[in-house]
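These protein sequence lines map, in sequence, to chains A and B.
Reminder that position 48 of the first sequence reads as 48 in full-length UniProt numbering, one-by-one numbering, no gaps.
Reminder that position 108 of the second sequence reads as 108 in full-length UniProt numbering, one-by-one numbering, no gaps.
Bear in mind the hints are in silico, worked out from the structure with no lab data behind them.
Wrong hints could be hidden among the right ones.
DSS-like mimics (lysine-lysine), calculated; alpha carbons at most 25 Å apart, straight line [stated by the list, open to error]:
| no. | chain 1 | residue 1 | chain 2 | residue 2 |
| --- | --- | --- | --- | --- |
| 1 | B | Lys129 | B | Lys182 |
| 2 | A | Lys412 | B | Lys65 |
| 3 | A | Lys412 | B | Lys108 |
All values derive from a computational prediction rather than experimental measurement.
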Amino acid sequence: MATTTLTKAPRGYDPAAAKPFLEQFDRVKDGLPGAGLSWLNDLRSQGHHRFAALGLPTVKNESWRYTNLRALDKLAFQPAAGTGDTVRFDVLPTVRTDGTTGPRLVFVDGRFRAELSSTAGLPAGVELLNLADALARKPDLVAEHLGRIAAPDDQPLVALNTAFLADGPVLHVPRGVTVEETIELVFVSVGSEAQPTAFHPRGLIVAEAESRAVIVEHHVGLGSCTTLSNGVTEVFVGEGALVHHYKVQREHAESFHLSHTAAKVAGKGVYDNFILTIGAKLSRNEVNSVLDGEEGDTHVSGAYMVRGGQHVDTTTFIDHAKPCCTSREVYKGVIDDQARAVFQGKIIVRPNAQKTDGYQQNRALLLSDTAEIDAKPELEIYADDVKCSHGATVGELDDDQLFYLRARGIDKAAARGLLIGAFLSEALGEIAEESVRDAFQSYVADWQNAR
Amino acid sequence: MIEIKNLHATVDGKEILKGIDLTINPGEVHAIMGPNGSGKSTLSYVLAGREGYEITEGSVSFFGKDLLEMEPEERAAAGLFLAFQYPVEIPGVANTTFLKSALNAIRKQRGEPELDAMQFLKLVREKTKALSMTDEMLKRAVNVGFSGGEKKRNETLQMAVLQPKFAILDETDSGLDIDALKIVAEGVNALRSPERSMLVITHYQRLLDYIVPDHVHVLAFGKIQRSGGKELALELEKNGYAEFGVNEAA
Chain A
1 MATTTLTKAP RGYDPAAAKP FLEQFDRVKD GLPGAGLSWL NDLRSQGHHR
51 FAALGLPTVK NESWRYTNLR ALDKLAFQPA AGTGDTVRFD VLPTVRTDGT
101 TGPRLVFVDG RFRAELSSTA GLPAGVELLN LADALARKPD LVAEHLGRIA
151 APDDQPLVAL NTAFLADGPV LHVPRGVTVE ETIELVFVSV GSEAQPTAFH
201 PRGLIVAEAE SRAVIVEHHV GLGSCTTLSN GVTEVFVGEG ALVHHYKVQR
251 EHAESFHLSH TAAKVAGKGV YDNFILTIGA KLSRNEVNSV LDGEEGDTHV
301 SGAYMVRGGQ HVDTTTFIDH AKPCCTSREV YKGVIDDQAR AVFQGKIIVR
351 PNAQKTDGYQ QNRALLLSDT AEIDAKPELE IYADDVKCSH GATVGELDDD
401 QLFYLRARGI DKAAARGLLI GAFLSEALGE IAEESVRDAF QSYVADWQNA
451 R
Chain B
1 MIEIKNLHAT VDGKEILKGI DLTINPGEVH AIMGPNGSGK STLSYVLAGR
51 EGYEITEGSV SFFGKDLLEM EPEERAAAGL FLAFQYPVEI PGVANTTFLK
101 SALNAIRKQR GEPELDAMQF LKLVREKTKA LSMTDEMLKR AVNVGFSGGE
151 KKRNETLQMA VLQPKFAILD ETDSGLDIDA LKIVAEGVNA LRSPERSMLV
201 ITHYQRLLDY IVPDHVHVLA FGKIQRSGGK ELALELEKNG YAEFGVNEAA
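All chains should be modelled from the sequences, with the hints used to inform the complete structure.
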């Protein structure tokens, strides 16, 4: 395959950093699922070319100003084998507390594990498959949607994912169908003692008109090997459809977690995303939602809690492309020790998107003098009849509140815990599903108790 | 029960308490009256253990132990309670969650078994009823959206639930109308017992019509200037603090 190399990369990118990844591409490309499909070859090739041209983003790129990926360059990641044979699971993470197993797909180092997965409880017509199976059983559905909203053009990590895309969940909910059971997607990072490993999970969620589904992604790590998860998920929300898409990232301290979620919401559709970030050495969650039909609604919220030397980046982009849509963002972060958080939230209101109602808030709580947050809210409005507001605040624990609790007998650690929990409760309150909210709240409590 | 000796304290380098001596025995109710800025609230914060108050001289013995060496939560477990003049609002923490955490934290420190949800609910319902508080106030976040009267009733509820041995009421009357004042005072009076002592800090005599003290002390310029019986409060109401060199109009 011919490789396009630009003599001069756009400012803010480092093409040299792409080299280790690109060298692997020629080795693995023929073994990737669907390698015989010409449209998929073209898509991968497009990703490959774009990544070769752009390389990894650097801090000179405005949207990567506060998150430095240089560590990735140095680690020379190899593609993960995904076999994980030595892995033993006691209990897979779940939001179910009744001991039952619902529909669930499990991926280890980016590869599907059928023996741990189940499609029990899905209504007729609903497909929950891994990408390799979906390419065999629903090739038209995949061809129609894959790479349509998470385009590799100016997103190097999406391009990288597109070049290497091998496996991931594919969910198709037909028109008018409600999936009652919560669908759980479990991504386990294990890695290898021998070398840092990378995997590029690719998810596709297609909710046809008037359908409804609740999806929970669990990202967890086993062991302490260095891993890189560079995931992309595309979500198509049909007319009047409702998709609750929740994610919790609790990977271990040596992992890198990069993820890009792109949603496209048709008229009167609702896309509801919530991400709880606790783990990983460095993580970045990008969420893009395009309101592409009138009266669409998107909720993009989350909470993050980091300590030690962790770095967490939340970057959102809400595109009000059509009139009469609403968007709501509520993010809360707790940052301790020398940890650093980045919040970048952009809302764009296109010229014809009248009657837009957009709301964004990011509030951070710094628990130490060395913790840091960089917050960059942005509004770009080209219509005149809109309601858009945003707020970003950074604070510390309130001494008066702390003393009040202690004066009632609650020790300092417990008092801090109560106040941190209270601070995050507003964001967690955005989670509409009670079982998910309870599970996420318990992860928050675990984080606090781990001190 | 509590013995304060020659207590000096500074805030931001400025001396506020300049040698307080006060002994309170079990079952006694003492009132400290004084003009604004005399050090009344400072005394209550120093006793409760708030940070930012430096003790430069003196001692406080509580049931024979050095109170000033204890953390605020240890003081609470030892039986000290401060009813705040301005109770803080804590959004996101339900009043019941807070009360249960506080009660069980104290019980745990004392080596007593913690109460389960049912036992706690039974106890707290009984106490709220006596204070004309609604279940809804228990469900709301701590003091959030409470009126001045509701906040003080909430303080009294906490006192009723935690059953301290020594309660400091810091200007409990401030911001209360007469009806709220009566309810709070009744709640406080219901807690009077031969084993429990109280220190009522107030600017005006009004509260002392309802919570009748055994002893009254006048605090001005960081020192107790005069002590007497309940009649001293009436005298102050009539003459003001002028005889102590305080010009309140200034």
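A quick look at each hint next to the structure:
{"no.": "1", "hint": "B/Lys129 x B/Lys182", "verdict": "holds, 15 Å"}
{"no.": "2", "hint": "A/Lys412 x B/Lys65", "verdict": "holds, 21 Å"}
{"no.": "3", "hint": "A/Lys412 x B/Lys108", "verdict": "holds, 15 Å"}
Checked against the numbered hints given earlier, this structure breaks none of them.
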